[in-house]
Amino acid sequence: RERERERERERARASVRECVREREGERGRARESEKESVRERESVRESACERVRARESVRERACERERARESVRERACERERARECVRESACNSEKDRERARVCARGRESEGAGERGGGRARGRESEGAGERE
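Residue 59 in full-length UniProt numbering sits at position 59 of the sequence shown, and the numbers go up by one each step.
Because the hints were derived from the structure by calculation, they are not lab data. Here a beta-carbon is modelled for each residue, glycine too, at the ideal position from N, C-alpha and C. Each hint should be verified, as a subset may be incorrect.
Said to hold, decoys possible - Simulated restraints, written as ranges between beta carbons of each label pair:
#1 GLU74 <-> ALA48: 55 to 65 Å
#2 GLU60 <-> ARG99: 53 to 63 Å
#3 GLU32 <-> ARG55: 33 to 43 Å
Make the full structure from the sequences, and use the hints.
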């Protein structure tokens, strides 16, 4: 009987050990499962971050394209201002030439009158001198 009880106790201890091993296994699997869940959540967060970075990159490229277009527009404005300056300069040059022509005509007509009048007056005065 004593041996029977001892065997029974041994079976009970073995059963307890088996239960303990099973619980430890379950806890180990639960820990592993929790780690896997954590990895999955991290992966989801990382994917979300990548999408945010991709959208940011798209926005940045759009900004760069807009800056490039603005730069093109600015250069076009600068070229137009330069052309306007050239036109204005040509206009001023033409006005200067026109003024010069008007002045030259004025001097020619004034000069002819002065020269002719001067000669005439000179002759008259010379003649008057001779008469005296």
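To see whether the hints hold, each was checked on the structure:
{"no.": "1", "hint": "GLU74 <-> ALA48: 55 to 65 Å", "verdict": "violated, 39 Å"}
{"no.": "2", "hint": "GLU60 <-> ARG99: 53 to 63 Å", "verdict": "holds, 57 Å"}
{"no.": "3", "hint": "GLU32 <-> ARG55: 33 to 43 Å", "verdict": "holds, 35 Å"}
Consistency note: the structure conflicts with earlier hint 1 alone.
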